[in-house]
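K.L.:
So the chains spell out like this:
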Amino acid sequence: MSAAPRYTTYHPRWYRRRVSVWWWLESSAYTGFVVRESTSVFVALFALVILWQLRALAQGPEAYARVLARLHTPPWLAFHAVALLFVLFHSVTWFNLAPKAMVLRLGGKKVPDRLIQGMNYAAWLALSAAVAFILVRR
Amino acid sequence: MPRTLTPFLWLLFSAGGTVAALLFPVHLFLTGLAFPLGWLHAPSYDSLRTLVAHPLTRLYLFVLISLPLFHWAHRFRYTLYDGLQLKHLTALIAVLCYGAALVGTAVAAYTLLSLS
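Chains E and S are the protein sequences, given in the same order.
When we follow numbering that gives the first Met the number 0, the leftmost residue of the first sequence carries the number 0, and every step to the right adds one.
When we follow numbering that gives the first Met the number 0, the leftmost residue of the second sequence carries the number 0, and every step to the right adds one.
Simulated from the structure, these hints should not be mistaken for lab results.
A portion of the hints provided could be inaccurate.
With a Cα cut of at most 25 Å, we get these calculated SDA-like pairs of lysine to any residue [as the list claims (entries may be wrong)]: (1) E:Lys-99 x E:Ser-27; (2) S:Lys-86 x E:Ser-37; (3) E:Lys-109 x S:Leu-10.
Using the sequences and the accompanying hints, generate a full structural model.
P.N.:
Following this line, the structure appears as structure tokens:
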């Protein structure tokens, strides 16, 4: 032991246990966390689908009809079915965590978690109905 | 990543997450399933052009595309760090994620301006 020991504020590297890349499959809570985080991939993909439709809309009726025909094919229908599940999981987990992310106080009292969650779900319902009212042809 | 940027990026993550949570399920259900499968009547090309010509609609669509992209960038970035243990690629992953969101935002802005 001739070398002087180096002191760091962290644990020395050789004391760290190696963790498998699949650590999140070890418990259902970890798996839920990773599934929740991966909903963002479907969120981004659907944002791109909206953008794709808008570009076709800008290019003209023929381009837009081609996009609609593509959306009617089984791969795209399957993608949207799966994406809907992930996006719904995102919505539910997001609303349920809302009281933890933002603590509201009214008159010195903490607004109950249930109330904040309820307001989120009510806004979700109202906005969904408004979008459907505008988009669906009657 | 400069430290001063972190709260701003977290704000974009949070706002984008809320926009996606409130509005993506209905848009996805309508344009991805209900309209292609004929469960509900899709709007015509002309009515959509009229709708999109309104500045408020285009502002709505800009927010609807851009903020969720930044939400993805932030969340995906940290999922890559923790999930795949890629901490040594921190800078590269951050640039790729936020860069992709920026490119998407620019394309969305350009497209929406051309739809006036």
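K.L.:
Find the hints from earlier in the document that the structure breaks and name them by number, from lowest to highest.
P.N.:
Structure breaks no hint.
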